[in-house]
Amino acid sequence: AEPGAMAAYLTHQQKVLRLYKKSLRHLESWCIHRDKYRYFACLLRDRFDKNKDVKDMVKATELLKAGEEEFWANQHPQPYIFADSPGGVAYERYEMYKIPEWCLDFWHPSEKAMYPDYFAKREQWKKLQRESWEREVKQLQEETPADGPRTEALPPARKEGHLPPMWWHHVTRPREQPM
Amino acid sequence: MDLSLVLNTFMLLTLATLLTPILFPPLSNNLKNTPHTIVSTVKASFLISLIPMTIYMHSGTESLISLWEWKFIMNFKIPISLKMDFYSLTFFPIALFVSWSILQFATWYMASDPYITKFFTYLLLFLIAMLILIIANNLFVLFIGWEGVGIMSFLLISWWHGRAEANTAALQAVLYNRIGDVGLILCMAWLASSTNTWEIQQLPSPSQTPTLPLLGLILAATGKSAQFGLHPWLPAAMEGPTPVSALLHSSTMVVAGIFLLIRMHPLFNNNQTALTLCLCLGALSTLFAATCALTQNDIKKIIAFSTSSQLGLMMVTIGLNLPELAFLHISTHAFFKAMLFLCSGSIIHNLNGEQDIRKMGGLQKMLPTTTACLTIGNLALMGTPFLAGFYSKDQIIESLNTSYLNTWALLLTLLATSFTAVYTIRMTVLVQTGFVRIPPLTPMNENNPAVMSPITRLALGSILTGFFLTSFIIPTKTPPMTMPLYIKITALIVTALGIALALEISKMAQTLILKKQTPLSNFSTSLGYFNPLAHRSSMTIFLNGGQNVASHLIDLSWYKLLGPEGLANLQLMAAKTATALHSGLMKAYLGSFALSILIILMSTY
Numbered sequence: 001a002e003p004g005a006m007a008a009y010l011t012h013q014q015k016v017l018r019l020y021k022k023s024l025r026h027l028e029s030w031c032i033h034r035d036k037y038r039y040f041a042c043l044l045r046d047r048f049d050k051n052k053d054v055k056d057m058v059k060a061t062e063l064l065k066a067g068e069e070e071f072w073a074n075q076h077p078q079p080y081i082f083a084d085s086p087g088g089v090a091y092e093r094y095e096m097y098k099i100p101e102w103c104l105d106f107w108h109p110s111e112k113a114m115y116p117d118y119f120a121k122r123e124q125w126k127k128l129q130r131e132s133w134e135r136e137v138k139q140l141q142e143e144t145p146a147d148g149p150r151t152e153a154l155p156p157a158r159k160e161g162h163l164p165p166m167w168w169h170h171v172t173r174p175r176e177q178p179m
Numbered sequence: 001m002d003l004s005l006v007l008n009t010f011m012l013l014t015l016a017t018l019l020t021p022i023l024f025p026p027l028s029n030n031l032k033n034t035p036h037t038i039v040s041t042v043k044a045s046f047l048i049s050l051i052p053m054t055i056y057m058h059s060g061t062e063s064l065i066s067l068w069e070w071k072f073i074m075n076f077k078i079p080i081s082l083k084m085d086f087y088s089l090t091f092f093p094i095a096l097f098v099s100w101s102i103l104q105f106a107t108w109y110m111a112s113d114p115y116i117t118k119f120f121t122y123l124l125l126f127l128i129a130m131l132i133l134i135i136a137n138n139l140f141v142l143f144i145g146w147e148g149v150g151i152m153s154f155l156l157i158s159w160w161h162g163r164a165e166a167n168t169a170a171l172q173a174v175l176y177n178r179i180g181d182v183g184l185i186l187c188m189a190w191l192a193s194s195t196n197t198w199e200i201q202q203l204p205s206p207s208q209t210p211t212l213p214l215l216g217l218i219l220a221a222t223g224k225s226a227q228f229g230l231h232p233w234l235p236a237a238m239e240g241p242t243p244v245s246a247l248l249h250s251s252t253m254v255v256a257g258i259f260l261l262i263r264m265h266p267l268f269n270n271n272q273t274a275l276t277l278c279l280c281l282g283a284l285s286t287l288f289a290a291t292c293a294l295t296q297n298d299i300k301k302i303i304a305f306s307t308s309s310q311l312g313l314m315m316v317t318i319g320l321n322l323p324e325l326a327f328l329h330i331s332t333h334a335f336f337k338a339m340l341f342l343c344s345g346s347i348i349h350n351l352n353g354e355q356d357i358r359k360m361g362g363l364q365k366m367l368p369t370t371t372a373c374l375t376i377g378n379l380a381l382m383g384t385p386f387l388a389g390f391y392s393k394d395q396i397i398e399s400l401n402t403s404y405l406n407t408w409a410l411l412l413t414l415l416a417t418s419f420t421a422v423y424t425i426r427m428t429v430l431v432q433t434g435f436v437r438i439p440p441l442t443p444m445n446e447n448n449p450a451v452m453s454p455i456t457r458l459a460l461g462s463i464l465t466g467f468f469l470t471s472f473i474i475p476t477k478t479p480p481m482t483m484p485l486y487i488k489i490t491a492l493i494v495t496a497l498g499i500a501l502a503l504e505i506s507k508m509a510q511t512l513i514l515k516k517q518t519p520l521s522n523f524s525t526s527l528g529y530f531n532p533l534a535h536r537s538s539m540t541i542f543l544n545g546g547q548n549v550a551s552h553l554i555d556l557s558w559y560k561l562l563g564p565e566g567l568a569n570l571q572l573m574a575a576k577t578a579t580a581l582h583s584g585l586m587k588a589y590l591g592s593f594a595l596s597i598l599i600i601l602m603s604t605y
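Line order of the protein sequences matches chains S and P.
Heads up, the first sequence is in UniProt numbering, so the first residue is 1 and it goes up one at a time.
Heads up, the second sequence is in UniProt numbering, so the first residue is 1 and it goes up one at a time.
Next up, chain S with everything else stripped away, as it sits in the complex (with noise of 0.2 Å):
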């Protein structure tokens, strides 16, 4: 697997860690103003601290358990989300803006007239594209393991002249935001 790559389970320490983030991101919600929020949040930090050399995985799961079931009693109604995450007010407000390149095929000439450069070049990248398909899927379905992929991140090009799988699909990836 790669190292910083999503695995299929959790470890302890990332579900601590999780608890943690939430419960300050909740305490914020809670405690609007800073000096106030960084107050409590000290005392926070300080009751994950004292446990944070439990060496025995019984008991360090019992107090995980018990942080879930407390956080979950004292969570904020309406936790602050940031706009852009899922939840959040701009959340998906330009997906409507974010149609696919092959769209660009379908332009009409005179349209299309007016970029020459750029529609000149896309033929080669097609052609590339096109050629590099029937390698990358090989090698994807060479280094999947056979009961599912483990991880969400795409391996890179193995070979000489090689491309990344996936390449296309990321180059011609739509604007965050619109012009």
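None of these hints come from the bench; they were simulated from the model.
Take the hints with a grain of salt, since some may be wrong.
Unchecked claim - According to the in silico footprint, chain P covers these stretches of chain S (three or more CB under 8 Å from chain P):
{"#": "1", "region": "25-34"}
{"#": "2", "region": "93-105"}
{"#": "3", "region": "167-179"}
What the hints assert, rightly or not - Taking lysine-lysine and the DSSO-like style, the derived pairs with C-alpha atoms no more than 30 Å apart in a straight line are:
{"#": "4", "chain 1": "S", "residue 1": "K22", "chain 2": "S", "residue 2": "K65"}
{"#": "5", "chain 1": "P", "residue 1": "K515", "chain 2": "S", "residue 2": "K52"}
{"#": "6", "chain 1": "S", "residue 1": "K50", "chain 2": "P", "residue 2": "K516"}
Quick caveat, the model's predicted, so the values are computed rather than measured.
Where a beta carbon is used, it is the ideal one built from N, C-alpha and C, also for glycine.
Based on these hints, arrange chain P on the given structure of chain S.
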């Protein structure tokens, strides 16, 4: 000079000016709309509409014109008639002024949008539909405007239709408005069948009006003006861009329901049932919305609930039999509510899309003009003496206090007034004062005149409108002249109590005590638990019922039971009963056959 001719000409010219960006570009080869041309069109329209209003204020001229008549059936003709009376002549300049300011603001706010011209065209279409609704003299033309504003509301709320919540909110708006439309159509049907006309002058007298059409009208106002029961669409409608919220869901569209009740007021002048229903519904709406606004953290939702609360107050005024006062409140409310939305839009854009007041603070030093106008708007909303809101709101509360009507409604309205002060001060304190909590490195400036001049214009309007309107209109009902001092200053005391409470709670929020969830705060945060209860229960009933109709009624009953399978079942039933009768005793049967044949043979010999 024939003033009424001038009046008619200029009103029609106003409407025609607004229609030019819609009609001319498809007909010509080179003419293309731009946001700037649409803003100039609305500005010109506003300036033209000032002339009829001045004529009315100077000489009291009103008029009624009848354009083409639709000869529907033999004895029911529907003219396209337009009424220029106090309401339409005063509301036209107000609506156009507010729209001009909002459109000018939108040239900055939506500048990065690829389809900005389509956005402006939608707003213009909405404005035209709203003005048709205002100027209508019969329910047919009003219904055209009514549906028009509903459709444009749908299209504008779902402007960013890639977002699932925006589409849901637009559907919510359409469905709730549709439920209200049922009431309006009921009233139209009753009017057509009993009085054979839809004209407003020919409304029957209140003694001849049964309560049912009035209930229909109140249902229509509940749907369109987000009274309690059909209110969830209004906070959800904040999914649309801020200019949409400012134009539709604060100043113009949501007052259409109240405006309908004002127009049809002669019908329920004396009908105590309808008036009491209006009073209680309005009081409940205003308190419920004010309660929900107390714990909201999204700045647009706070202003949305504030709008809902003021609409409830307008409904209370209708219930007090004071339509002109309701209209005055509509007019003054348009100014300061639109300004509040524009200020919040300026803050949101300057903070790069941040709408949560928990991440705003100390903006007074960074955006001085915007926050000053926000404060003016909030003061006007709370009914500060001699700003715009005072003239309408204080009079409403005085009339409510001195009338002999429902005390419960009075208490609810007073409580809602103090809550208004509470959430307004909360919003002001968290947004403007204190230390800064915004994400760092935001490019904040107030340099663009496209933002600043609309906001300052509307601020000027919020300060002066109340005074001007009350100076120039002649009330048809005498306001209460004498009352004890404590009744006269009730609204002020209640607001001052609310301000004191809010400041105290803000101070307490800065001390090192963690907030606990209480049932009351949970009620407020979950918006009264109304949304999940109403939506899920009604949707399960409808979908289950629909499934039953499709599978049981149609498939099972019509196609099977009444056809082949039913016949087969009948036969089966008969066959089973017959089969159960015999018991298979062959010898007994043969013996009985033999015996019967023997007896027959013997009896024939």
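Violations among the numbered hints: none
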